[in-house]
Amino acid sequence: MTRSRWIQTAVTRPAPLSSQALLNPSSATNPTGTEHKSKWHGSEHWMAERFYSILLIPSLATSLIAGPVFVNDLVLGVLLPVHVHMGFDCMIQDYIPARKYGIWHTVSTWTLRVVTGIVLYGLFTFNTMDVGITAFVQKLWTGTSKRELRLKVED
1 MTRSRWIQTA VTRPAPLSSQ ALLNPSSATN PTGTEHKSKW HGSEHWMAER
51 FYSILLIPSL ATSLIAGPVF VNDLVLGVLL PVHVHMGFDC MIQDYIPARK
101 YGIWHTVSTW TLRVVTGIVL YGLFTFNTMD VGITAFVQKL WTGTSKRELR
151 LKVED
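Under full-length UniProt numbering, the very last position in the sequence shown is 155; numbers go up by exactly one each time.
The hints are simulated quantities; they were obtained by calculation from the structure and are not laboratory data. None of the values given here were measured: they were computed from a predicted structure. Be aware that a few hints might be false.
What the hints assert, rightly or not - Okay, the calculated beta carbon distance ranges per label pair:
1) L112 <-> L55: 32 to 42 angstroms
2) R99 <-> A61: 36 to 46 angstroms
3) L56 <-> V115: 11 to 21 angstroms
4) G102 <-> A66: 41 to 51 angstroms
5) T62 <-> V115: 19 to 29 angstroms
6) S43 <-> G143: 38 to 48 angstroms
7) W104 <-> T144: 44 to 54 angstroms
8) A48 <-> V115: 18 to 28 angstroms
9) V69 <-> Y101: 42 to 52 angstroms
10) V71 <-> G102: 12 to 22 angstroms
11) V119 <-> I57: 14 to 24 angstroms
12) I54 <-> R113: 37 to 47 angstroms
13) T128 <-> H83: 36 to 46 angstroms
14) L64 <-> W104: 36 to 46 angstroms
Ideal Cβ positions, reconstructed from N, Cα and C, are used throughout, including at glycine.
I would like the entire structure built from these sequences, with the hints used as guidance.
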């Protein structure tokens with residue numbers, strides 16, 4: 001123990017290296033190779049997420065102001081599933097990393113891709129064969145849609 005005027009500190013020496021440590025040097029002194037990641041996993045992926053988020057703003061505003069518009073419903077039918085897909089993909093990368101969970105990462109990623117494809121097809125069918133996203137939400141909210149009101153006025 002060394003004694004200074006105000007503080008007492010203990011002088012310790014590093015522990016001797018074991019034979020196991022000598023055979024397997026630490027990664028700090030001997031760095032190992034890391035897996036190559038594409039740019040899509042870094043800043044470009046983040047920029048794409050922001051891009052789709054920003055595109056949703058005028059599309060949702062158009063839905064609120066203009067009501068059911070076929071083209072806007074198609075745009076929402078693509079942007080919403082892609083936005084949700086990117087969010088869930090980030091969750092899978094964060095909480096089910098491939099280096100730790102292996103096959104479960106692959107299974108969850110492909111499950112997300114298949115479900116996103118089914119949702120895209122379902123929303124396309126809903127927009128082309130039925131009332132559309134905006135009219136459906138409006139009908140849920142108010143009980144009637146502007147398309148029905150327009151048909152009643154024209155009759």
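Here is what the structure says about each hint:
1. L112 <-> L55: 32 to 42 angstroms: Cβ of L112 to Cβ of L55: about 21 angstroms, so the range 32 to 42 angstroms is violated.
2. R99 <-> A61: 36 to 46 angstroms: holds (42 angstroms)
3. L56 <-> V115: 11 to 21 angstroms: Since the Cβ atoms of L56 and V115 sit about 20 angstroms apart, the hinted range of 11 to 21 angstroms holds.
4. G102 <-> A66: 41 to 51 angstroms: holds (48 angstroms)
5. T62 <-> V115: 19 to 29 angstroms: Given a distance of about 27 angstroms, which is inside 19 to 29 angstroms, the answer is holds.
6. S43 <-> G143: 38 to 48 angstroms: 46 angstroms Cβ-Cβ, so the 38 to 48 angstroms window holds.
7. W104 <-> T144: 44 to 54 angstroms: holds (46 angstroms)
8. A48 <-> V115: 18 to 28 angstroms: Holds, since A48 and V115 (Cβ atoms, about 19 angstroms apart) stay within the stated range.
9. V69 <-> Y101: 42 to 52 angstroms: Cβ of V69 to Cβ of Y101: about 43 angstroms, so the range 42 to 52 angstroms holds.
10. V71 <-> G102: 12 to 22 angstroms: violated (43 angstroms)
11. V119 <-> I57: 14 to 24 angstroms: holds (21 angstroms)
12. I54 <-> R113: 37 to 47 angstroms: violated (24 angstroms)
13. T128 <-> H83: 36 to 46 angstroms: Taking Cβ atoms as reference, T128 and H83 lie about 21 angstroms apart, which means the hint is violated.
14. L64 <-> W104: 36 to 46 angstroms: Cβ of L64 to Cβ of W104: about 40 angstroms, so the range 36 to 46 angstroms holds.
Hint check: violations occur at hints 1, 10, 12, 13; the rest are consistent with the structure.
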